[in-house]
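Visitor: Residue numbers (numbering that gives the first Met the number 0), protein chains in the order written: chain A, 0 to 294; chain B, 0 to 277; chain C, 0 to 332.
Please keep in mind that the hints were generated in silico from the structure rather than gathered at the bench.
We treat Cβ as the ideally placed atom computed from N, Cα and C, and that holds for glycine.
It is possible that some hints are incorrect.
What the hints assert, rightly or not - Taking lysine to any residue pairs in the SDA-like style, the calculated list, with each CA pair at most 25 Å apart, reads:
1) B:K37 <-> A:E70
2) A:K110 <-> A:E186
3) C:K317 <-> B:L221
4) B:K92 <-> A:L271
5) A:K59 <-> A:E70
Stated by the list, open to error - Quick list of the computed label-pair ranges, beta carbon to beta carbon:
6) A:G35 <-> B:P130: 21 to 27 Å
7) A:N111 <-> B:I36: 22 to 28 Å
8) A:D72 <-> C:R258: 27 to 33 Å
9) A:L36 <-> C:L171: 24 to 30 Å
10) B:R186 <-> C:Q328: 53 to 59 Å
11) C:K126 <-> A:T115: 57 to 63 Å
12) B:I36 <-> C:N170: 48 to 54 Å
13) A:W61 <-> C:K307: 53 to 59 Å
14) A:I50 <-> B:S175: 32 to 38 Å
15) C:K126 <-> B:I36: 54 to 60 Å
16) A:I50 <-> C:N266: 48 to 54 Å
Residues per chain are reported as follows:
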Amino acid sequence: MAGALSSLAFGSVGGSAFERRAATRDPAWVKWLILGLSLSFFAIFILLPLIAVFVEALRKGWGTYITALSEPDALAAVRLTLIAAAIAVPLNLIFGVSAAWAIAKYQFRGKNALTTLIDLPFSVSPVVAGLVFVLVFGAQGWFGSWLGDHNIRIIFAVPGIVLATIFVTFPFVARELIPLMESQGREEEEAAIVLGASGLQTFWRVTLPNIKWGLLYGVILCNARAMGEFGAVSVVSGHIRGQTNTLPLHVEIVYNEYNFAAAFAVASLLALLALFTLILKTIIEVRAASQVAKA
Amino acid sequence: MAAAASRRVLPGFGLTLGYTVGYLSLIVLIPLSAALIKTFSLSWEHFWQIVTAPRVVASYKLSFGTSLLAAAINSVFGLMLAWSLVRYSFPGKRIIDALVDLPFALPTAVAGIALTAIYAGNGWIGQFTEPLGLKIAFTPIGILIALVFIGLPFVVRTVQPVLQDLEAEYEEAAASLGANRWQTFTRVVFPLLLPALLTGFALAFARAVGEYGSVIFIAGNLPMISEITPLIIITKLEQYDYVGATAVATVMLFVSFALLLVINGLQAWTSRRMGRAR
Amino acid sequence: MLSRVFSWAGFVLAFVFLTAYTALAQTTILNVSYDVSRELYKQINPAFIDAWKAKTGETVTVNQSHGGSSKQAASVAEGLDADVITMNQAPDIDFLADKGLVAKDWKSKFPNDAAPYTSVSVFLVRKGNPKGIKDWSDLAKPGISVIVPNPKTSGNGRYTYLAAWGYALENLGGADAAKDFVKKLFGNVPVFDGGGRGATTTFSQRDVGDALVTFENEARLIAVEFGADKFDIVYPSLSVEAPAPVAINEKVVDKKKTREVATAYLNFLYSPEGQAIIAKYDFRPRDEAVLRANQAKFPPVKTFDVEKLIGSWADVRKTHFADGGIYDQISVK
Chain A
0 MAGALSSLAF
10 GSVGGSAFER
20 RAATRDPAWV
30 KWLILGLSLS
40 FFAIFILLPL
50 IAVFVEALRK
60 GWGTYITALS
70 EPDALAAVRL
80 TLIAAAIAVP
90 LNLIFGVSAA
100 WAIAKYQFRG
110 KNALTTLIDL
120 PFSVSPVVAG
130 LVFVLVFGAQ
140 GWFGSWLGDH
150 NIRIIFAVPG
160 IVLATIFVTF
170 PFVARELIPL
180 MESQGREEEE
190 AAIVLGASGL
200 QTFWRVTLPN
210 IKWGLLYGVI
220 LCNARAMGEF
230 GAVSVVSGHI
240 RGQTNTLPLH
250 VEIVYNEYNF
260 AAAFAVASLL
270 ALLALFTLIL
280 KTIIEVRAAS
290 QVAKA
Chain B
0 MAAAASRRVL
10 PGFGLTLGYT
20 VGYLSLIVLI
30 PLSAALIKTF
40 SLSWEHFWQI
50 VTAPRVVASY
60 KLSFGTSLLA
70 AAINSVFGLM
80 LAWSLVRYSF
90 PGKRIIDALV
100 DLPFALPTAV
110 AGIALTAIYA
120 GNGWIGQFTE
130 PLGLKIAFTP
140 IGILIALVFI
150 GLPFVVRTVQ
160 PVLQDLEAEY
170 EEAAASLGAN
180 RWQTFTRVVF
190 PLLLPALLTG
200 FALAFARAVG
210 EYGSVIFIAG
220 NLPMISEITP
230 LIIITKLEQY
240 DYVGATAVAT
250 VMLFVSFALL
260 LVINGLQAWT
270 SRRMGRAR
Chain C
0 MLSRVFSWAG
10 FVLAFVFLTA
20 YTALAQTTIL
30 NVSYDVSREL
40 YKQINPAFID
50 AWKAKTGETV
60 TVNQSHGGSS
70 KQAASVAEGL
80 DADVITMNQA
90 PDIDFLADKG
100 LVAKDWKSKF
110 PNDAAPYTSV
120 SVFLVRKGNP
130 KGIKDWSDLA
140 KPGISVIVPN
150 PKTSGNGRYT
160 YLAAWGYALE
170 NLGGADAAKD
180 FVKKLFGNVP
190 VFDGGGRGAT
200 TTFSQRDVGD
210 ALVTFENEAR
220 LIAVEFGADK
230 FDIVYPSLSV
240 EAPAPVAINE
250 KVVDKKKTRE
260 VATAYLNFLY
270 SPEGQAIIAK
280 YDFRPRDEAV
290 LRANQAKFPP
300 VKTFDVEKLI
310 GSWADVRKTH
320 FADGGIYDQI
330 SVK
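Next up, chain A with everything else stripped away, as it sits in the complex (with noise of 0.2 Å):
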């Protein structure tokens, strides 16, 4: 799987040199077969839904589409997202650059185990996530009356939402690093070693440098995750309103209060966050392939 996950934020520019050599270029009824049957594909699969969802939004007008928006509880759910993905993402940083460092550089007994375990999150069923953290923090789970005699709430609280979220996104950062430290390999570090520079200054000025994009492209997939997660957040949430409703399950009780255009006016808000953050990965990724361009 290395390299899988990285290459969700992989982007194309460019097709027009492929098409200027005979032996890359298809012959145009091929050509049109193709760009026919998976632009339509597309436009069916992700377009659809997508305009589905604005045109839901605005079917009431703009003046619903903004009270839903301006409401004190969507307000909240807004801030309570925003705190949980600015929390989980930099815990997942440090972790995926720490990670990638210890698995890219060196060898070690074990490791392909341990990339694997890595990646389990990723395959586990957001629902079972979300109970897990139950099991560990309930009032009868592991530390639950542990937890309860110090007063300190993790789950129904704003800590378990924060827990869950980093569990769904736990290996986006480091799958995105791995794969690209990797292909580095350690000589240009081990020469800023050997030249007298200290660990940290080398990480700083050698392999920050080096993997930058990747590191932007692992926290914005990261963070476009951790914004739209729902099964394992709704599992540990508490539903309390105003309080401790993330955006997406916002859009749930909304909707479950007939309010359909309002709900469908929130959920676009999430669309419209995921498509800033999906053009501001296209962005990156123009400026990443013109700088090696010009390298």
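With the hints as your guide, set chains B and C onto chain A.
Guide: The following block gives chains B and C in isolation, referenced to the frame of chain A:
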């Protein structure tokens, strides 16, 4: 071990590995082992009885079957989409490229609601298919649609970079040896893409098996017909049956872990094969 | 860059603790409730806050949490700090009593078996009732499509199942006939949504099904939300009485020292003002005067009590809804 350590010039091995293992244990391993330990409170017979109940088995068949099919559909169309994005230029390409990741970032519940609205009997697409006798929403086909939606980015994003890195020389060599375009594709290009395609397939499959949020709205949730395995876990939780829920969850966990091992194995195998081929 | 990230995270953490602290500074109670009582408590809470302020001069904040009732009860058992629990079926509170959070004799703590209002299961059909659905027996006929929320995950769905069971017991004879009858009826269900609200959306927005079985208050709300010209409400010859029980979470009120205000909150539901709001949201009030004033809304229905006709909730749970129970047997074809 000591000899290996002395050869290490780079500092920070202990620190980074320690931190990695510590954080991994805290966030992932300890919580997941809670599910395992809960399951161990069952006798083997009881566990077996829970995870092989007819309704649960029907849900495995549905979850794994639709996930396989969705991953297969995504492999075909995802490959075409990746091909279009890399090989052709057309207006709006960059926007489409950015939007491919949408299913990954959009909350699954939102996707589920939007898809149901489109494919229900009175929806944009459902109103045309239902008179033809094709019901989509509230049937296993609806589940399939939702799983195709969430799985697409994985195939496109694994195939795309490989396709991008594929040097034109291979195809030029094939062409100069007299192969036509189709032969070049099936004998030269496709084998080179296969490992990435397999990985994309496996990732889309792994993601689809555990999916809950988007499926639940469109599935219909009829016992034995359209109940997915994550819903079985939720129903058990609703009945305060934590042990039963963790038993089914454990089965899913093992399948996921096995899948990941297969994915990593596949990758190692194909890259070895590729190395020989080159 | 990393250091900036750190300082940002630190700022956010400080912010979280600060908001948590200010939230603790005044009296706050949390009402953990089921899915469809949202609109009701949205109006009850401000009315209670005013009444409490007038009586004691104290400002109290009431927080709300809604979700599927069994899921909510499970969350309370796992430590969701509910001061009061307001559900739509007794078993969810019995469950919390078993866990030691609610007094064993919770039914005797408040009037009317601690249920300040009730509802009944009714049918919602398309305008003009084109399929001529009048009673439970019509729902079990071939070719009829009925929308019911999933009895495995929804209290609403369980009441529907029990209402049909009770109807069959009374009209068709013994348990075997009843089993056969509910099997036919649930065979007519094309979609099982997770909760009552999902079922309503499927019926009203997706145009699936000839009839929706749901609580009277939901049926009336649907007519308001989606237009009275689209649906008719049908009252069956016999329905189930669905009292909505309330209880105090002993552990939490002792810890938070909120017993007094929590008790007052639940008692407020029985006050004429509370009962009037309850009636406004189409739940059947207990107060005779309020009920009389709203007679047009609540036509008399013959109902039965689950525990009297079918058995204690514990038995019902075991024989009907547990894994391998009668509901599982009829749904595995």
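Visitor: Each hint: holds or not?
Guide: Taking the hints in turn, this is what the structure says about them:
| no. | hint | in the structure |
| --- | --- | --- |
| 1 | B:K37 <-> A:E70 | 42 Å, violated |
| 2 | A:K110 <-> A:E186 | 21 Å, holds |
| 3 | C:K317 <-> B:L221 | 22 Å, holds |
| 4 | B:K92 <-> A:L271 | 19 Å, holds |
| 5 | A:K59 <-> A:E70 | 16 Å, holds |
| 6 | A:G35 <-> B:P130: 21 to 27 Å | 26 Å, holds |
| 7 | A:N111 <-> B:I36: 22 to 28 Å | 25 Å, holds |
| 8 | A:D72 <-> C:R258: 27 to 33 Å | 28 Å, holds |
| 9 | A:L36 <-> C:L171: 24 to 30 Å | 56 Å, violated |
| 10 | B:R186 <-> C:Q328: 53 to 59 Å | 57 Å, holds |
| 11 | C:K126 <-> A:T115: 57 to 63 Å | 58 Å, holds |
| 12 | B:I36 <-> C:N170: 48 to 54 Å | 50 Å, holds |
| 13 | A:W61 <-> C:K307: 53 to 59 Å | 55 Å, holds |
| 14 | A:I50 <-> B:S175: 32 to 38 Å | 46 Å, violated |
| 15 | C:K126 <-> B:I36: 54 to 60 Å | 56 Å, holds |
| 16 | A:I50 <-> C:N266: 48 to 54 Å | 51 Å, holds |
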